[in-house]
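Assemble the complex: chain A is given as a structure, and chain B must be docked to it using the hints.
Each chain, letter by letter, is given below.
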Amino acid sequence: MTTKPLLEISQLQMHFFTDKGVVRAVDGIDLTVNEGEVVGLVGESGCGKSVTSLSIMGLVPSPPGKIVGGSIKFAGRELTTMSKKELRKIRGNEISMIFQEPMTSLNPVFTIGNQMVEAIRLHTDMSKKEAQERARDMLNKVGIARADILTAYPHELSGGMRQRVMIAMAMSLGPRLLIADEPTTALDVTIQAQILDLMRTLNQESQTAILLITHDLGVVAEMCDRVVVMYAGQVVEETDNRSLFRNSHHPYTQGLLKSIPKLSKQRSKRLYSIKGNVPNPRNMPQGCRFAPRCDFAMDICHQKMPDLVEVAPGHQTRCWLHVKGEGEVDLGSSRSTTQCS
Amino acid sequence: MIAYTIRRLLMLIPVLIGMSIITFSIIHALPGDPARAVLGERASAEQIAEVRESMGLDKPIYVQYFNYIGKLLQGDLGRSYITGREIAPELFTYLMATFELAIAAMLIAVFFGVNLGILSAWRQNSWVDYSAMMIALIGVSMPVFWLGLMEQWLFAQELGWLPSSSRLDARTMFEPITGLYVIDSIITGNWAVLGDAIRHLILPAVALGTIPMAIIARMTRSSMLEVMRSDYIRTARAKGLSEFWVIYKHTLKNAFIPVLTVVGLQTGILLGGAVLTETIFSWPGIGRYLYDAITSRDYQIIQSGILVVATIFVLINLIVDLLYAMIDPRIKYGRE
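Sequence order for the protein chains is A and B. Per this note's numbering: the first sequence ends with 341, consecutive numbering throughout. Per this note's numbering: the second sequence ends with 1336, consecutive numbering throughout.
A portion of the hints provided could be inaccurate.
Unchecked claim - With beta-carbon atoms standing in for the labels, derived distance ranges:
hint	chain 1	residue 1	chain 2	residue 2	range
1	A	Pro285	B	Pro1329	19 to 25 Å
2	A	Val189	B	Arg1330	24 to 30 Å
3	A	Ser10	B	Arg1330	29 to 35 Å
4	A	Gly159	B	Asn1115	54 to 60 Å
5	A	Asp295	B	Arg1229	36 to 42 Å
As the list claims (entries may be wrong) - Okay, derived cross-link-like pairs now, PhoX-like style, lysine-lysine, Cα gap no bigger than 20 Å in a straight line:
hint	chain 1	residue 1	chain 2	residue 2
6	A	Lys20	A	Lys66
7	A	Lys89	B	Lys1253
8	A	Lys85	B	Lys1249
9	A	Lys84	A	Lys73
10	A	Lys73	A	Lys4
11	A	Lys85	A	Lys73
12	A	Lys128	B	Lys1332
13	A	Lys20	A	Lys4
14	B	Lys1253	B	Lys1332
Hints are computed from structural coordinates only; laboratory data are not their basis. Don't be surprised by glycine CBs; every beta carbon is placed ideally from N, CA and C.
In isolation and in its complexed conformation, chain A is listed as follows (with noise of 0.2 Å):
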């Protein structure tokens, strides 16, 4: 795998001005992924994950959500600046994205085949015979073997078809990343195994990169080389896929990954979780963000945000439990980053 860095996201805020104050739902995120890998970036609700995916794309609403600093870079060119007309061709061709919800994300009232051809001749010169061809192989390639596939309708499909459907469609022009957020949350477990098995089949054999935006660690257990955790629109942990389970060290990372059930636990035993909740993100906390829910809260976490550090090789932790001549744990020297809330 080659370590070229195909999309890097640095110091990025989007925030969305609203009637009732300024939501910063995108707070000064860092993120790299590399070419040819999957990427997960994960978190609970509302944490900033989509915005971040949405804004990668240039979809999100404007008004009210707004780019109010930072940068991102796609291949060397950079996204915020490009126009509309650019990045359209950037859109669906070389960048292409994959949505939570399968039952509603295709168009009702147009048959698979058309918005398949749809999106293959917008970017290429194909005729519409050829792109129908590459349609169809794409939904093999998906395993979908229907024949009248191309002449079927959105609602004739189950929602494992439909994100299929989805993922062909995406795939259809070989992009060199594939955002898919929260792919499988909307399936069965049964058919949450195949979509997965899917993209990493399409990761390895085109080597497209993939940014997979989930809740479920589960999924990046199975899936990712890196993991970035996401809390309140910052990055509070990115490390490997390894070292995560192994040895995370932000408490919120920990809180996650006790939080998912174990078969070997006693059963009567209650599930962990995490105490309070997400902050409102119109009023968020002074200091660290997650220090009114957090188990180890010093004095200083109340009133000092925590930059990101590096605690080993690649791995980056927000916590002023990792801060030399903070906390008690000193793994590694620290990384200034300009803060910006």
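Same frame as chain A, but now just chain B:
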């Protein structure tokens, strides 16, 4: 689909029987005597009795009704009490005039209404949206007769751009085929008449189309706004489609069902209710025909005219229902 269409057509029968009974009873409950209307105030009692007998008005009301229905079933709409002419060919001519006007009005209403609605949904809460909806509000609140008179004053009298009344210039000689002059002149290749017919159509069509235009604009806006929030529109954008395709292909087709309903209802209303416009612009349409019949108590024309208009109304609704299925594949008819 075919079975469904046939079933719907069969359902027309009870609707029409009901309609005929209602119009028949209401008309006969009205004060006033058609025989007297024909003969005038000074007619003697014997003369009136004679005319009543010849019109069949001396018979019991249910006999009159069955006589009427019996003739109707043979395709005979009866004769006018006043002029004695056969109603069917006359009614057809007037109906076609109204058709032409209503179709022109609806074309204007749909074209401007839909685009205005799209524009304001696309730029929701901007000045574009506010101005478009202001136009719609004005359109919906403006009385047709006032708009018609203003049009005549400005475009016919002051500017002299367009004729203010009737269907063709008095000097234009023309033998209609279908009765839709625009179509007829195209069929016969008579371009001078085509131009003349269109020039005469514009002002009344705009007057008649303004209210439906405004209603369609408001309906399109709200329907588009709802569809624009859906996931598949996000998918369409994620494919890299331009705004134009996202709006006119992916959003509009989904948003069109409620708009179509309004279009159908409004067309029906225009066909029967264009009296004001037809009067102002001296348009020889069905609305005026019926209005004249009512003022002169010409029972036969009223009954037959209303029945024909009701039939058309029901047929338009059937067409709208069938169009639903063409737009949205999830709507299927014929399966119980």
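Okay, the hints, checked on the actual structure:
Between proline 285 (chain A) and proline 1329 (chain B) the C-beta distance comes to about 51 Å, which lies outside the given range of 19 to 25 Å. Separated by about 28 Å at the C-beta atoms, valine 189 (chain A) and arginine 1330 (chain B) satisfy the suggested range of 24 to 30 Å. Against the hinted window of 29 to 35 Å, the Cβ-Cβ separation of serine 10 (chain A) and arginine 1330 (chain B) comes to about 45 Å, which falls outside the hint. Distance hint for glycine 159 (chain A) and asparagine 1115 (chain B): a CB-CB separation of about 36 Å, inconsistent with the stated range 54 to 60 Å.
Taken as a hint, the range 36 to 42 Å holds for the pair aspartate 295 (chain A) and arginine 1229 (chain B), whose Cβ atoms sit roughly 40 Å apart. A threshold of 20 Å between alpha carbons decides the hint, and for lysine 20 (chain A) with lysine 66 (chain A) the separation of about 16 Å falls inside it, so the pair holds. For a cut-off of 20 Å, the pair hint linking lysine 89 (chain A) to lysine 1253 (chain B) is broken: about 25 Å separates their Cα positions. As the CA atoms of lysine 85 (chain A) and lysine 1249 (chain B) are separated by approximately 19 Å, the hinted pair is consistent with the 20 Å bound.
A hinted pair counts as satisfied when its Cα atoms are at most 20 Å apart, and lysine 84 (chain A) with lysine 73 (chain A) qualifies at roughly 15 Å. For the hint pairing lysine 73 (chain A) with lysine 4 (chain A), the CA-to-CA distance comes to about 13 Å; that is within 20 Å, so the pair holds. The suggested pairing of lysine 85 (chain A) with lysine 73 (chain A) holds, with an alpha-carbon distance near 17 Å, which does not exceed 20 Å. Pair hint lysine 128 (chain A) plus lysine 1332 (chain B) does not hold up; C-alpha atoms about 29 Å apart against a cutoff of 20 Å.
At roughly 42 Å between alpha-carbon atoms, lysine 20 (chain A) and lysine 4 (chain A) are farther apart than 20 Å, so this suggested pair is violated. Proposed proximity of lysine 1253 (chain B) and lysine 1332 (chain B) is supported: the alpha carbons are some 17 Å apart, at most 20 Å.
Of the numbered hints given earlier, the model fails hints 1, 3, 4, 7, 12 and 13; all others are met.
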